[in-house]
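K.L.:
Now for the letters of each chain:
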Amino acid sequence: MDKDINIKVKVWRQNGPKEKGRFETYELKNISQGSSFLEMLDILNEQLVNDGKIPVAFDHDCREGICGMCSLYINGHPHGPDGEITTCQLHMRSFDEGDTITIEPWRSAGFPIIKDLVVDRTAFEKIMQAGGYVSVNTGGIPDANAIPIPRDKAELAMDAAACIGCGACVAACKNGSAMLFVAAKVSQLALLPQGKPEAARRAKSMVAKMDELGFGNCTNIGACEVECPKNISISNIARLNREFLKAKLKD
Amino acid sequence: MKKIDSKVPKGPLAEKWTNYKNSQKLVNPANKRRLDVIVVGTGLAGASAAATLGELGFNVLNFCIQDSPRRAHSIAAQGGINAAKNYPNDGDSVYRLFYDTIKGGDYRAREANVYRLAEVSNSIIDQCVAQGVPFAREYGGLLANRSFGGSQVSRTFYARGQTGQQLLLGAYSALCRAINRKQVKLYTRYEMLDLVMIDGRARGIIARNLVTGKLERFAAHAVVIATGGYGNAFFLSTNAMTSNGSAAWQCYKKGAWFGNPCMAQIHPTCIPVHGEFQSKLTLMSESLRNDGRIWVPKKMEDAEAIRAGKLKPTQIKEEDRDYYLERRYPAFGNLVPRDVASRAAKERCDAGYGVEPSGLGVYLDFSEAIERLGKEVVEERYGNLFQMYEKIVDHNPYETPMMIYPAIHYTMGGLWVDYELMTNIPGLFAIGEANFSDHGANRLGASALMQGLADGYFILPYTIQNYLADQISVKRFSTDLPEFEQAEKELSDRVNRLMSIQGKHSVDSIHKKLGHVMWELVGMTRDEKGLKEAIVKLKEVKEDFWTNVRIPGKRDDFNMELEKALRLADFIEIGELMAHDALDREESCGGHFRIEHQTEEGDTLRHDDKFAYVSIWEYRGEDKAPVMYKETLEYEFVVREQRNYKS
Numbered sequence: 001m002d003k004d005i006n007i008k009v010k011v012w013r014q015n016g017p018k019e020k021g022r023f024e025t026y027e028l029k030n031i032s033q034g035s036s037f038l039e040m041l042d043i044l045n046e047q048l049v050n051d052g053k054i055p056v057a058f059d060h061d062c063r064e065g066i067c068g069m070c071s072l073y074i075n076g077h078p079h080g081p082d083g084e085i086t087t088c089q090l091h092m093r094s095f096d097e098g099d100t101i102t103i104e105p106w107r108s109a110g111f112p113i114i115k116d117l118v119v120d121r122t123a124f125e126k127i128m129q130a131g132g133y134v135s136v137n138t139g140g141i142p143d144a145n146a147i148p149i150p151r152d153k154a155e156l157a158m159d160a161a162a163c164i165g166c167g168a169c170v171a172a173c174k175n176g177s178a179m180l181f182v183a184a185k186v187s188q189l190a191l192l193p194q195g196k197p198e199a200a201r202r203a204k205s206m207v208a209k210m211d212e213l214g215f216g217n218c219t220n221i222g223a224c225e226v227e228c229p230k231n232i233s234i235s236n237i238a239r240l241n242r243e244f245l246k247a248k249l250k251d
Numbered sequence: 001m002k003k004i005d006s007k008v009p010k011g012p013l014a015e016k017w018t019n020y021k022n023s024q025k026l027v028n029p030a031n032k033r034r035l036d037v038i039v040v041g042t043g044l045a046g047a048s049a050a051a052t053l054g055e056l057g058f059n060v061l062n063f064c065i066q067d068s069p070r071r072a073h074s075i076a077a078q079g080g081i082n083a084a085k086n087y088p089n090d091g092d093s094v095y096r097l098f099y100d101t102i103k104g105g106d107y108r109a110r111e112a113n114v115y116r117l118a119e120v121s122n123s124i125i126d127q128c129v130a131q132g133v134p135f136a137r138e139y140g141g142l143l144a145n146r147s148f149g150g151s152q153v154s155r156t157f158y159a160r161g162q163t164g165q166q167l168l169l170g171a172y173s174a175l176c177r178a179i180n181r182k183q184v185k186l187y188t189r190y191e192m193l194d195l196v197m198i199d200g201r202a203r204g205i206i207a208r209n210l211v212t213g214k215l216e217r218f219a220a221h222a223v224v225i226a227t228g229g230y231g232n233a234f235f236l237s238t239n240a241m242t243s244n245g246s247a248a249w250q251c252y253k254k255g256a257w258f259g260n261p262c263m264a265q266i267h268p269t270c271i272p273v274h275g276e277f278q279s280k281l282t283l284m285s286e287s288l289r290n291d292g293r294i295w296v297p298k299k300m301e302d303a304e305a306i307r308a309g310k311l312k313p314t315q316i317k318e319e320d321r322d323y324y325l326e327r328r329y330p331a332f333g334n335l336v337p338r339d340v341a342s343r344a345a346k347e348r349c350d351a352g353y354g355v356e357p358s359g360l361g362v363y364l365d366f367s368e369a370i371e372r373l374g375k376e377v378v379e380e381r382y383g384n385l386f387q388m389y390e391k392i393v394d395h396n397p398y399e400t401p402m403m404i405y406p407a408i409h410y411t412m413g414g415l416w417v418d419y420e421l422m423t424n425i426p427g428l429f430a431i432g433e434a435n436f437s438d439h440g441a442n443r444l445g446a447s448a449l450m451q452g453l454a455d456g457y458f459i460l461p462y463t464i465q466n467y468l469a470d471q472i473s474v475k476r477f478s479t480d481l482p483e484f485e486q487a488e489k490e491l492s493d494r495v496n497r498l499m500s501i502q503g504k505h506s507v508d509s510i511h512k513k514l515g516h517v518m519w520e521l522v523g524m525t526r527d528e529k530g531l532k533e534a535i536v537k538l539k540e541v542k543e544d545f546w547t548n549v550r551i552p553g554k555r556d557d558f559n560m561e562l563e564k565a566l567r568l569a570d571f572i573e574i575g576e577l578m579a580h581d582a583l584d585r586e587e588s589c590g591g592h593f594r595i596e597h598q599t600e601e602g603d604t605l606r607h608d609d610k611f612a613y614v615s616i617w618e619y620r621g622e623d624k625a626p627v628m629y630k631e632t633l634e635y636e637f638v639v640r641e642q643r644n645y646k647s
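Taken in order, these protein sequences are the chains called A and B. Note that the first sequence covers residues 1 to 251 in the working numbering. Note that the second sequence covers residues 1 to 647 in the working numbering.
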């Protein structure tokens, strides 16, 4: 049964990309365990505004676990202690009376801080723009049923396509690697016949862009898979490595 | 009375679009390079339009409010997308999809637009498959379909419960490619706050860089609004937190007409409100109504005991349960359309039979389905939704019924557009949920995705050329022109005025007050007295906002409170226009239910003789009442009937 709890939150505050950051601790009384984690932050911000202070900036949008906008490193875990969900789906019943909750932004060289808990994830955009697509123009397309695709292939592609691009994998990785993100997109398109003609070019250019943007290497730790809110499997990284190697051997 | 020209082409229904395309003006490749198009929004409509216009050779500037186009709220659509492929061989056709859509909209949409939507639906599926969208497939490798509300055929294509996500990622990938090829320039974390007009034409926008807080100017030969709906006027809705009506509203204030503002859709199966700090509502897919049975207790004392926590739903005997949809609508039962199911839930809760502690909730029960099909089958069909529900509410829907209640989900109303998707302002276009065009008074499930992509991939890229063909000799505009100067100054003054209020209340606390008025008086059911009361109360909310709002921080900075305040200022005015429109439309149709106009059984009662029109509102200035024009909806091809779900 949900009850009301009193907690403290230790929040990372940083005015801008170049400014020095620090933790600040706030007390919150009578937080319903039925409220979501972001609603708890809404309450904190309401409190701060009423006290004439600057509210905490954090990213969020759909609040139903699909847009990938929310982030937050909560008590040492991207998207918090509960599994298979994003921060916006996390509820306060995961916490107890008297807890102190530490809230930090994604920390990675690839994601510079914009303000407080908001980070800049444009690096993901650049990786996608480097090749995360099938090169087809609008129109003049053959009938959708012209190419049958085995159901298990389509399902595997869908598993990879479930990535929401939130960046938890990068935040979880001690090397700050974006391999799981890149692997998910490369895998989805490599598994489908539509993606085959450009598979080699795609794998090479996306990996090259990832390296260029300062993301680290993959050393098979597997933290990304554990923390991924959408259960993207690291077997996709193995597939990316194969695709990359195949492409390089052809050169 | 102003002349309303919808520019619907002459000829038989099935030939209108072909005839239009055959006779419209085009722009040659060399000239396309010299023409700039601004597309505001990166959801299904915006991303598909920007990518396609870029591929065609136009110079496109695309604006995104989030940090990535992939985050637009189209991504949250669950169920699927309709198309008239007739792959299951169950009798579907372009005409049937057209007919179901026009009937589902309670005969308040334009025939020619809806027919064109059905006509291009098939190309959308082809396009998405080519992009690598992993739609569900049969074992033979061909595409799978499922059925949805409001039709007798299986025409819905889907990708698990994440169809919107996969379609958006498809459009996003096309957009990424266009950006890489320098056909589109993308601006992320930008919000359009004003439209710039030169000599009566749309020629640019003023947008706020949400990171620096600076106002910036952008010029183009045409402006496309693809910024979605205004459901967040109700504060609590299934819309995303940044979904807002400001871009469309600023166009309205510059003279663009607003069509059918009162038409809003309330979705019956959402997780009920749990406390005063709730920030948004979560939708549970319509598909749940295929197997779930909706009920409340028959006895008032049982309902009271449940609300007090003294009784569990599983303890209520079968004969003491009121399956009210099955009782009232035997032919359709739990699968009545969204507007009907929503009103029926409200009726029971208002009568005191609600089961949530607040009194606002009904049961959606799977016990009979589990008994009939087994837990495994139910889990296979709805497992992800059950998991989502349990994470939020902490109740296991396999053991105890879900609790649901209706919530605002979609707005059918929006910027008025003609057949070419152009507003009454030359050069200003509106696509997707932002326009009023295709859903009449009620949208069918799986049709929003279809409309967004139809507009963006296949309709606007044609129709916009008919306008731009006349603009080829118009040189690029400088943003130093006095029109830009003035628009920025007015906006800047407005921002300063907001920042200087320094009152006592947060933006959210006033937004909640607005939401309360809207939901109680302009929500699921409306009447003359309530709407008049709403108009008075909305004035008070407006007054409260402009005297008491407190926005901390600086204006030229990353300032989320200021962002919200700018949006709220517009939501209040949108709410006022919705109330006026709802008061004016003295009939019930689709999602617009006037208590005074219902059948004996409590269903919508249209008055086709008086209200078979689109209400078009024109802004006349700050302290002046808006003027209303009517676009008469002549039905040449379909006969209007009363919707019946009983027999």
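Everything labelled a hint here was simulated from the structure, so no lab data went into it. Source: prediction; values computed, not measured. Be aware that one or more of the hints could be misleading.
[Claimed, not checked] Each computed DSS-like pair below joins lysine-lysine, with the alpha-carbon atoms no more than 27 Å apart:
1) 196/A <-> 182/B
2) 3/A <-> 18/A
3) 3/A <-> 542/B
4) 489/B <-> 209/A
5) 542/B <-> 489/B
6) 53/A <-> 182/B
7) 10/A <-> 554/B
8) 85/B <-> 53/A
9) 532/B <-> 253/B
10) 20/A <-> 253/B
11) 630/B <-> 53/A
12) 8/A <-> 391/B
13) 512/B <-> 29/A
14) 3/A <-> 489/B
15) 8/A <-> 504/B
16) 29/A <-> 542/B
17) 153/A <-> 85/B
18) 29/A <-> 312/B
19) 532/B <-> 53/A
20) 18/A <-> 253/B
K.L.:
Look at each hint and say if it fits the structure.
P.N.:
Hints versus structure:
no.	hint	in the structure
1	196/A <-> 182/B	holds (24 Å)
2	3/A <-> 18/A	violated (41 Å)
3	3/A <-> 542/B	violated (36 Å)
4	489/B <-> 209/A	violated (41 Å)
5	542/B <-> 489/B	holds (23 Å)
6	53/A <-> 182/B	violated (43 Å)
7	10/A <-> 554/B	holds (24 Å)
8	85/B <-> 53/A	violated (57 Å)
9	532/B <-> 253/B	holds (23 Å)
10	20/A <-> 253/B	violated (43 Å)
11	630/B <-> 53/A	violated (49 Å)
12	8/A <-> 391/B	holds (23 Å)
13	512/B <-> 29/A	holds (21 Å)
14	3/A <-> 489/B	violated (51 Å)
15	8/A <-> 504/B	holds (25 Å)
16	29/A <-> 542/B	violated (31 Å)
17	153/A <-> 85/B	holds (23 Å)
18	29/A <-> 312/B	violated (30 Å)
19	532/B <-> 53/A	violated (39 Å)
20	18/A <-> 253/B	violated (39 Å)
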